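Colleague: Residue-level listing of the chains:
There are 2 protein chains.
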Amino acid sequence: AQEAAVRAQAEAVRRLKQDKADPDEIAKEVAKLLEMKAQLGGDEGKPKFVLKTPKGTRDYGPKQMAIRERVFSAIISCFKRHGAEVIDTPVFELKETLTGKYGEDSKLIYDLKDQGGELLSLRYDLTVPFARYLAMNKITNIKRYHIAKVYRRDNPAMTRGRYREFYQCDFDIAGQFDPMIPDAECLKIVQEILSDLQLGDFVIKVNDRRILDGMFAVCGVPDSKFRTICSSVDKLDKVPWEEVRSEMVGEKGLSPEAADRIGEYVQLHGGLDLIERLLQDPKLSQNKLAKEGLGDMKLLFEYLTLFGITGKISFDLSLARGLDYYTGVIFEAVLLQQENEHVEELVGVGSVAGGGRYDGLVGMFDPKGRKVPCVGVSIGIERIFSILEQRLEASEEKIRTTETQVLVASAQKKLLEERLKLISELWDAGIKAEMLYKKNPKLLNQLQYCEDTGIPLVAIVGEQELKDGVVKLRIVATREEVNIRRESLVEEIRTRTSQ
Amino acid sequence: AQEAAVRAQAEAVRRLKQDKADPDEIAKEVAKLLEMKAQLGGDEGKPKFVLKTPKGTRDYGPKQMAIRERVFSAIISCFKRHGAEVIDTPVFELKETLTGKYGEDSKLIYDLKDQGGELLSLRYDLTVPFARYLAMNKITNIKRYHIAKVYRRDNPAMTRGRYREFYQCDFDIAGQFDPMIPDAECLKIVQEILSDLQLGDFVIKVNDRRILDGMFAVCGVPDSKFRTICSSVDKLDKVPWEEVRSEMVGEKGLSPEAADRIGEYVQLHGGLDLIERLLQDPKLSQNKLAKEGLGDMKLLFEYLTLFGITGKISFDLSLARGLDYYTGVIFEAVLLQQENEHVEELVGVGSVAGGGRYDGLVGMFDPKGRKVPCVGVSIGIERIFSILEQRLEASEEKIRTTETQVLVASAQKKLLEERLKLISELWDAGIKAEMLYKKNPKLLNQLQYCEDTGIPLVAIVGEQELKDGVVKLRIVATREEVNIRRESLVEEIRTRTSQ
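Listed in order, the protein sequences are those of chains A and B. When the letters of the first sequence are read in order and numbered with the working numbering, they come out as residues 432 to 930. When the letters of the second sequence are read in order and numbered with the working numbering, they come out as residues 432 to 930.
Here chain A stands alone, though its shape is the one from the complex:
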C-alpha cells in the first residue's frame, strides 16, 4: 500500500513537470515524494530516517559555496572600502531582547525549548542584536558590518530565494552626525554592490517615514491608523492601487475621501523636481514632519548628485517598508526585469537590498533611554545568489571548487613514499598540492582527476627522474611536459600558476 502511494506521488510529480507548473509547487511535491521514499526505507531493516534538512533550509555544496564566496567577497570589499569594522553576535538572544521590535512579524521568531535557564530565541535580523550590542557596551559611534544567518518561520519559496535560514549582510553607521551624510553613503554602497555583481539594471526606491506620516496626517488618517494604513501602502509593489484602496476602506475603516487623497500621493515618484513640487504642496508643506522629511530628502538628492548616482534613485511615495523601528529615510533596491533573459524569469524580480534610519532602537535598550541615531543597509544574499546560480547553470561555465595548483603523481608503481616526500615539501613551501590516496594509482586516473577538478599542473615522479634529481612537470591544458630540477620546482609552480 505504501509503495502504491509512492508510485502515485511520482506520477503526480511527473505530471506537474509536464504541465510546467509553478516551480515551488513542483519542489514541494518532489520533497513529499522523497520523504515518502525515505520512509519506505531500504530493504535491510535499517532505521527509516527521513534524510533531509529542516523545512526552508538547505545545504550548500562546494559549487554553491564557490558562488556564495564570490558574492560575499564583492560585498565585503565594498564594506571595507567604506571603512567599516566587523562584529559578530550570538545566533540566539534572550527572548525579551527581541520582544516588541518587529510588530506583527514577531510570530515568525524561532524560540528555543525551555531546557532550564534563560528563555532564548534565534535572531530575526542583525539590526536588533546590533542595537543591543551598542547599548550594552555604551558605544555611541561606530561604522560596522555584520554578515550572518538569521531565522524566520516564514512560508519558504526556495526557488525564489526565500528561506527560513538565510544570510543578511548588514552595514550600519551609528552616531550623531550632520544630516543625510551617512544616509547618502548607505545608498552609494547599495549602488556599488549591485553594479559590481552585474545583476542587470536596478532602481533604488527612497522615501522617508516622516513624509509618510505627514502625508497620512494631511490626508485625514487618524493617528491610531497610521501603522495599519502604512502596511497597506507597503503592498503597492505587489498589488494594484484599487485593491489596496479597498483594503483601506473595507477592512481598515478609512474614509473613502482619505483613501483617495492617499491614492494621489502614493502614485508619485521622481527625483529632485518631485521633491521641490511637494515642498510647494499647499497641504504637505503645512505639516511639520513632512516638511522636515522633504527638506532632508532634498539634501540627500544633492549628495547623491555629487556621488553621480541619481540615475539609479527614485523618490517613491509608495515605499513604506514593514519594520516598526524605522524613523527617517527608508529605501529598497529592486532588480528590473531583463528582456530576453528567460533564465531570470524563474527567480522573478524583487527586492535585493533595503534599509533606513532607526534613531530610536538603541534607546529602547538603554536603561536611561539614551538614543544613538543609526542608519543602515541590509543586502539580501539569497535572492542574488539564486540569480547567479541559475545564470551559471545556464552558461555551463565550469567553476572550480578548489584552488589546487599541482597534483603529485607517479608513472610507475611503488612510488608512494616518493610522492609523500615531494608533496610534503610542496605543502611546507605553501604550494597547494594534492595526491591520490592510493598506493599505486594509474597515471591515467591521476590525469583524469586533474581534468575533472581543473588542477593545471602535474608533478610526476619516476625512477629516472629521481636519479636525475628532476621532476617531470606536465601542463594539463597543453599536455606539454618539462623536466624541472627539484630545487626549482616550487618556484616553477608559483610562476606557472600566478595571476
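Think of the hints as simulated: they come from the structure by calculation, not from any bench. Please note that the accuracy of each hint is not assured.
A pair counts as met if it fits within one copy or between any two copies, since identical chains are not told apart.
To be verified - With a cut-off of at most 30 Å between alpha-carbon atoms, the simulated DSSO-like pairs for lysine-lysine come out as follows:
id : residue 1 : residue 2
1  : 544       : 463
2  : 569       : 463
3  : 486       : 538
4  : 511       : 844
5  : 873       : 845
6  : 511       : 852
7  : 863       : 569
8  : 669       : 722
9  : 829       : 869
10 : 544       : 526
11 : 714       : 483
12 : 486       : 580
Small disclaimer: the values here were computed from a predicted structure and weren't measured.
Knowing the structure of chain A, use the given hints to seat chain B on it.
Modeller: Showing chain B alone in chain A's frame:
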C-alpha cells in the same frame, strides 16, 4: 532591599578579586552583579532589560574579530593548500538526525521549541551533519572543510575558552582509500596549523580505537564494560592513574587485576619503538583488533616520518576520546606549558584540535547501510583565540580594525561638497576611503581620527588646491605633505599603501 543586595554582591566581587580567586569564579560573580544591577534598572522608569548575551555566549567586537579573522585565514589557507572543497549546512537539523550519535553527551543538545512542524535541534558538531549530507546526496568521495558555530549546553568556563556557542573548523576526507594515507594527511594538517599560528610547543597524541578495544579484551574487561572503562581512561589527562583506577574498580565494578593490567598499558607512550614492542607483546599480539590497529599505527608512523613530523607525535595508550562514532585512529593536539609566560597560565593548557576515523557514521544514515569511510580533524578555535587575545593584550601591539587607506579631509569650511566628490571618485577607483560625517570638521579632529584608527594617508582639499587641480596628500606617520595632481591621486595612494 534590592540595592543593599547589589552592594553586598559588589563587595563579594571585590573580595574575590583581592584574593585572586579562580577567574571563572570571579567572572560568574561579576555576571551576577551586572544582572542584579540591570534588574534594578535606570531611574527614568524605562523597561528593566537584562542587557546581556545568553549564558555561555559572547559578542565579538572589532578587535576580537580582527584576531579571529587572522586565525581563520591561517586555517583556511591550510585547508585549501590540501585541496579541500568547502560546504555549509543549516545551523539546526531534524532532532532525529542527532539522536543516538553522541552517547551521554546528548543531554547537552539544544532543542528548539515545538512551534508546529518539525522537531529541530541546534547542531552539536559538524561531523554528524557532514555524514547526513554525504548520505543524503549519495556522495562517496569528498575532501571538504566546514567552519561554523556549534552549540552545547555545557557548563561554560569562558576565561578558559569554553563556550556554549563556539566555532569548529573541520577538515574531513571521505572515501574508500588505501590505509592511513588520508589519516596521515590529517595529522600533517594539525602540525601545519599549530606551527603556523605560533602557539608555542605542542604534541599530537595518537591512538586507535581498535588498540584500545584489544587492550581491554586482553586485560579481561567484559565486552559490556568497554565503553564505560574507555571513558574512565579518557580522564587520564586530567586526573592521576590512582583516581582513575579506583573509579574503574569502585564505581564501575572492574576486577582489580584487570584494572592493574590496564594501568600498565595506559602509562605507555612513545614512537615507532613502542609500536614494535607492542607488536611483540605476548597478549596484545594475539588479539586480532589490537594487531590490526598496531599494524596501521606502524604504517602511519612510516608516513609521518616521510612528512618529517614524528617529533611532534606521541603514540599514547591513554588517549581515548569521548565520542561514540570513532572506529580507528584517534588523535588530539595539546599545547605544552610555556615556561616564563605567565600570560598563558590564565588560559591553561589543553586540547586545541582532535579527530579520528569514523567509518560507520555515514552508514547510519544510509537507508541500505552503505558505509563511507571517513577520517577528519576539528580545530578548536576558541581556546586558540583566548591565547592569542591575551597575548595581544599583554603585548600592547596596536591592531587595526579597518583597512582604510586614506581619509578625505578639508582644511577650510564649506568644502563638504568637494569632499563628497573626491571620496566618490576614490571609492569608484577601488580605494578604501573615509571622511568625517560633519559639514565642517576641524582639521585637527580629522588628523586625530587617522591617528586613532591607523589610517596612513590624508587627502586634503582646500580652495587653493582646487584652483591648482591638485590634492594635498599628507603622510600621517611622518607629517610630510605633498601636492599630487588630481588625476594621479589614485595611483599615488595605491603605491604608498601597497604591500
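Colleague: How would you classify residue 511 and residue 844 at a CA-CA limit of 30 Å: within, between, both, or neither?
Modeller: between (51 Å within a copy, 28 Å between copies)
Colleague: How do residue 486 and residue 580 come out at 30 Å by Cα distance, when the copy is not named: within, between, both, or neither?
Modeller: both (16 Å within a copy, 20 Å between copies)
Colleague: At most 30 Å between C-alpha atoms: does residue 486 with residue 538 qualify within a copy, between copies, both, or neither?
Modeller: So residue 486 and residue 538 pass the 30 Å test inside a copy (17 Å) and across (24 Å) alike.
Colleague: How would you label the pair residue 544, residue 463 (within, between, both, or neither) given a Cα cut-off of 30 Å?
Modeller: Both, since 27 Å and 23 Å are each at most 30 Å.
Colleague: Have a look at residue 873 and residue 845 and pick one of within, between, both or neither, based on CA distance no larger than 30 Å.
Modeller: within (11 Å within a copy, 74 Å between copies)
Colleague: Within, between, both or neither: how does the pair residue 669, residue 722 come out at a Cα-Cα threshold of 30 Å?
Modeller: Answer is within: at 29 Å inside a copy they meet the 30 Å cutoff, but 70 Å across does not.
Colleague: Between copies, within a copy, both or neither: which fits residue 544 and residue 526 at Cα up to 30 Å?
Modeller: Close inside one copy (11 Å) and across copies (12 Å); limit 30 Å.
Colleague: Given a CA cutoff of 30 Å, do residue 829 and residue 869 count as a within-copy pair, a between-copy pair, both, or neither?
Modeller: Classified as within: same-chain Cα gap 27 Å, cross-chain 48 Å, threshold 30 Å.
Colleague: State whether the alpha carbon distance between residue 714 and residue 483 is at most 30 Å within one copy, between copies, both, or neither.
Modeller: So residue 714 and residue 483 fail the 30 Å test inside a copy (58 Å) and across (47 Å) alike.
Colleague: Between copies, within a copy, both or neither: which fits residue 863 and residue 569 at Cα up to 30 Å?
Modeller: Answer is between; shortest inter-copy Cα gap is 28 Å, intra-copy 45 Å.
Colleague: Is the C-alpha distance from residue 569 to residue 463 at most 30 Å within one copy, between copies, in both cases, or in neither?
Modeller: between (50 Å within a copy, 19 Å between copies)
Colleague: For the identical chains here, do residue 511 and residue 852 meet the 30 Å Cα criterion within one copy, between copies, both, or neither?
Modeller: Classified as between; 19 Å across copies, 41 Å inside a copy.
In summary, the structure is inconsistent with hint 11 from the numbered list given earlier, while agreeing with all the others.
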